[in-house]
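Each chain is listed here by its residues.
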Amino acid sequence: GIQVEQSPPDLILQEGANSTLRCNFSDSVNNLQWFHQNPWGQLINLFYIPSGTKQNGRLSATTVATERYSLLYISSSQTTDSGVYFCAVEQAGGGATNKLIFGTGTLLAVQP
Amino acid sequence: GAGVSQTPSNKVTEKGKYVELRCDPISGHTALYWYRQSLGQGPEFLIYFQGTGAADDSGLPNDRFFAVRPEGSVSTLKIQRTERGDSAVYLCASSSSSNEQFFGPGTRLTVL
Chain R
1 GIQVEQSPPD LILQEGANST LRCNFSDSVN NLQWFHQNPW GQLINLFYIP
51 SGTKQNGRLS ATTVATERYS LLYISSSQTT DSGVYFCAVE QAGGGATNKL
101 IFGTGTLLAV QP
Chain V
1 GAGVSQTPSN KVTEKGKYVE LRCDPISGHT ALYWYRQSLG QGPEFLIYFQ
51 GTGAADDSGL PNDRFFAVRP EGSVSTLKIQ RTERGDSAVY LCASSSSSNE
101 QFFGPGTRLT VL
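Chains R and V are the protein sequences, given in the same order. Just so you know, we're using this note's numbering here: the first sequence kicks off at 1 and counts up by one. Just so you know, we're using this note's numbering here: the second sequence kicks off at 1 and counts up by one.
Since the hints were derived computationally from the structure, they do not count as laboratory data. Watch out, some of these pointers could steer you wrong.
A short, non-exhaustive set of chain V residues, derived as facing chain R with CB atoms under 7 Å [what the hints assert, rightly or not]:
(1) G42
(2) F45
(3) Y48
(4) G51
(5) G53
(6) E71
(7) N99
(8) F103
(9) P105
Backbone N, C-alpha and C define an ideal beta-carbon position, used for all residues, glycine too.
I would like the entire structure built from these sequences, with the hints used as guidance.
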């Protein structure tokens, strides 16, 4: 099956800093989503981005499907950005399922 | 509007007991998914419903796990003869025709 790898595994930032999180996947995908899992465990939708670039406030994301990677940019980080960031993909040609395969996650800690 | 809801939020049971976990999807979402998340890992797919039928149950770990969605809305995940290894957070997600999945807060299952 498809492999989804995220880097870096851990990241510590000072408040106000910028960061880039990367997601590599090993096969073609129909869909790609970025999530933020907050300290209470809730998965929060950030982007639905199988291709192209999107921006939402301080966050933006770019997926280059032909090169099998996606990037999540966080600018002017805040302590509330802390948590785990997951990339999840739906493998193309997967038949009747739309199941998401999650990456290993990036644990982000933003210090005041 | 209301998001995905799951009940109970926490469930503690003894080894060998039967448990039921409930998921209420976003109104109008025809697709419903169950995932399981163990500590320090990303969610893993269990089963996918399109309407009332299970379109893909390839992620169910064994025949102790079963899920239903009799009216195409609420779903129940059922675990028989629970084992300590079943302890995890069980997440439910739903999606519309756009395929973007939205997750509930999860049920934390602890098997003693």
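Each hint tested on the structure:
no., hint, verdict
1, G42, "holds, 3 Å"
2, F45, "holds, 4 Å"
3, Y48, "holds, 5 Å"
4, G51, "violated, 12 Å"
5, G53, "violated, 10 Å"
6, E71, "violated, 21 Å"
7, N99, "holds, 5 Å"
8, F103, "holds, 4 Å"
9, P105, "holds, 5 Å"
Comparing the model with each numbered hint stated earlier shows that hints 4, 5, 6 do not hold.
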